[in-house]
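Respectively, the protein sequence lines represent chains Z and H. Note that our numbering has the first sequence beginning at 1, numbered continuously upward. Note that our numbering has the second sequence beginning at 1, numbered continuously upward.
It should be emphasised that the hints constitute simulated quantities derived from the structure, not laboratory data. Among the hints, a few may not be true.
[Unchecked claim] With the Cβ distance kept under 10 Å, some of the chain H side facing chain Z (calculated, not the full set):
no.	residue
1	S2
2	M14
3	R64
4	E236
5	V239
6	Y297
[Unchecked claim] Here are a few chain H residues that face chain Z, going by a calculated C-beta distance under 7 Å:
no.	residue
7	V13
8	V15
9	V31
10	V32
11	K268
All figures in this text were calculated on a predicted structure; none of them were measured in a lab. Where a beta carbon is used, it is the ideal one built from N, C-alpha and C, also for glycine.
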Amino acid sequence: MIPVSAVPRRRSLASRAVGEGSALRRMDGILLVAVAALCVIGTMLVWSSTRTWASVEPTGLVKKHVLNLGIGSALLSAVALVDPHRLRAYAPVVYAVAMLALIVVVTPIGTTVNGSHSWIMLGGGFAMQPSELAKPALILLLAMLLAEPAEGTDRPKTLDIMFGLAAAGLAMALVMLQPDLGTTMVLSVITGGVLIFSGVRKRWIGLVLAAAVIGAGLVWSLGLLQPYQVARFTAFLNPASDPRGVGYNSTQALIAIGSGEVYGKGLFHGGQTTGRFVPEQHTDFIFTVAGEEFGFLGAATVIALLGVVLLRGLRIARACEDRFGALVAGGVVCWFAFQMFINVGMTIGIMPITGLPLPFVSYGGTATFANMIGIGFLQAIHIRERSYMG
Amino acid sequence: MSRMRTRFVVLHVMVLSLLAVLAVRLWQVQVVRGPEFVAVATETRTRDVVVPAIRGQILDSAGRPLVRNRSGLVVSIDRTRLERMRDKGAGVLARLAAVLGSTPETLRERIRACGPGVTRPCWTGSPYQPIPVDDAVTTREALQILERQEDFPGVTAEVQAVREYPGRSHAAQVLGYLQPVTEHELEKRKGLKTSYSGVDLVGRDGLESVYDQALRGKPGLRRVQVDRMGKVIGIEQQVAPVPGDTLITSIDAGVQGLVEKALAGAMKRAPQADGAAGVVLDVRTGRVIAMGSMPTYDPSVWTGGISENEYQRLLSDKSGRPLVSRAIKGTFAPGSTFKVTSVSAMVKDGYPLKGIYDCPGAFMVGSRPFHNFRGIGLGPMNLHTALVKSCDTIFYRAAYEMWLRDGGMKPKAKTKDPMAAMSRAYGFGKVTGIDIPGESPGRIPDRYWKKNLWAATRATNCIRAKSGYPEVKDASRAAFLKRLAYENCLEGFQWRAGDAANFSIGQGDVLVTPLQLANAYAALVGDGKVRSPRIAWALVRPDGTRVKEIKPPVIGKLSINEETRAYIKNALSQVASDGTAAGAFGGFPMNLVRIGGKTGTAEVYGKTDTSWFASFAPAEKPRFVVVVMVSQGGMGGSAAAPAVREIYEGMYGFGKDHAPPVLTEPAKNPPVIKPDGTVKR
């Protein structure tokens, strides 16, 4: 008989991960299932949209996508196992690394793809997009700065707010240099979200909003936008203005989705997808493949699954007693909500075209990693909260 | 924390409303407007390619092809796609010209639309159809185009059936030709739009036009899926084309060749000749065995688009307008060949068939003498001799007497006009109804016609009667014309004795086509029934299944009895041996095959005479009618009759070249096509 020891034994990493009462088992299961479902759907859609490519073998890209998802899952688990306090401690380092990567990108080491100088080629067919990693990094740093309230209040200190805004401004400026308007907007939404949740006074909110409006005005009037970015907005306001040019994408996206009708044409049977009428249909426009091949039922399911992710994230944020955890969760929800709405919205003609992938569904390595890290944050906070309660 | 909670509630509401907005919009796009997008998607994703059906062949009565198809690689240009390009397709045309060994300007000309001020070469068809620019490209050239589609957007190369004429210029006017279908035709004939492809041709003129529907078949449809570059990535739907029916004709290619050769020879021998026509009919059935017209042309000039020069040549008077079939469209005074109708009319009107009639050198019609040929009197003779020796005065007298009985210058309310009536019974004065278009009805003048003509031309004549013809240089001719105008103005409505006399010998205002004359002789020497001649014999599917047989319908009956017909036939049997054609037929083996016939020499004001010979063989049991007309050929016995002799010599194998007989008996049945498409021998 082995006596039951009162001192907890040091358990192996594996048993800590999957064993009774393990971190993995204490994760939010519904959130995990929703993310997994989105990944499976995304894999099918990537397969369908890339199988007709003549330049690569039919399953070449989907294999790479599955590999990305595997790495992403590992990142998710790893991040989920980290104690949020430690995340808070690492925040400045993570932010610094991310900013460094962004600086490297704008140097000649970076590579231009589709008009954006946002890639670092790693060799062996792998590439990295640091602006994606800037999203979780900024969330961590802002949450760290704004989690500490001023004495006797539940509002953050003015100095911290200033620091936060400066950090966000630096990130946005670096991303704008690439230029990547979509990610800049995501970063600003994240900043605004975390700032608001942190309990800053309404005058701060007004100030930041005014700064955003003035900044946007400056960007516009100083001609910092690329001509194609301006054209996208014009085309959004009047899609008929140039149906073969800028308006082509949105027109073709609408045709592909609309022609899916209620039940869709079936996986691999979408004629618009097979004919590759919608450009970038495996990345930014992957929702058109869902719309055409899975119909309204399938496309609505994708939106519903994304809704589950957002609502679980919100639930975690609201349940969190710790200000840092709540801010991180809130930031992640803002990120995914904004990116999902912009991405789906542009394919169905209610948002201008912006180069943003659909979280968990679009093809793309760094974006997948970043998304998984975001979910990892949520799970880490969830686990921590349950262990407090438990 | 409560402030943060409140703000999370706001976020919660925002997230829910964003999701709701997306869901509602998705519902609107996919469910409400779904069908609309399905239609647009199908339009952008698929291209309908009409697969042309192979056009049916045209065979002769022995199954030999008169028109067949060869497969050629055809390069076509989609003009609408070129026009959408920034440089209006200049780059594509330049590259294509380099491959085809042409110039961009030439290609540009071929694909421009015909219209006011734009003459050939140009495209007569719809601008939305691919326009063929070369139908004889090599496989290597076609591959160059097909393999580099990115360099040649809007250009295709496909294997297509191209019309081929193994007999070269045989029966060009009978066969007709093909031309691209015009937009006007597409609009006019509803339902055609779907059955014509971009390179579709429609039959113009001849058999190609009359039997276009059957020859054309039913084009197939291939709905292909394309990607956004226009590259074909799959076939969504395919309907195979139904090939056109084969048209079997009663034309005998051998006899047709003889006719065309004989006509060309006759034209060469007669220095003034400006045209000739020959018709060979099957006496018992009314089928056309051969029909030729000179000058002729090579119908393969139409294949693959005709050049401006060639087209102008086909239309020009200088080259004798070879498109026009003189056999059915050319109208000429028939001269003495017409006397068979006059004899028939006389007998019908009560003149004794076996009576004796005087043939003086001249006969006074009223106050004006009408002369025999060369004014020679031949004395009393029967109608038999009158035909053999071609006496004129007997017919002048009969016509004059008939005219008097109808009331002369003061006609009765109801006139008999026996000669006009009889000629109509023979089928003159109206179209025979043969199965090729553009036939002329000819003209049978009578009192009624004269009155109408007078009414129509009176105003001009009366002005001319006063003003004269100052633009005519020759003073005596101007004076003659003025007098004529004056007479016509005053009394042009009158059917005068001279008109009646001229009519009786096929002169004056009588006009007939060579086909009408041949058809009339076939009725005379055959069973007395007038048929509407047919060239087409049967339509069969490419595998030989009979679709339908075409029979020449009976459209009239000669109103003379068997005895009269036998008598006339017997008289005509002597013409080639003892009569006006004896010279032309000297040495012909009449003991083997006796040729019957009648010469005709018709005067044309200001021109050389029209030369005719209307014949049949064998005289005792006629099987063939052969009619040859040489416009401005001179005497019937010297231009037309020798040509007819050549035709018979070839048919029966009597030629000096000792060639085997070409056709001694008309084919009884159309050739049988075996399931594999070959002809049963």
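Violations among the numbered hints, reported as their numbers in ascending order
Hints 3, 5, 6, 7, 10, 11 contradicted; others consistent.
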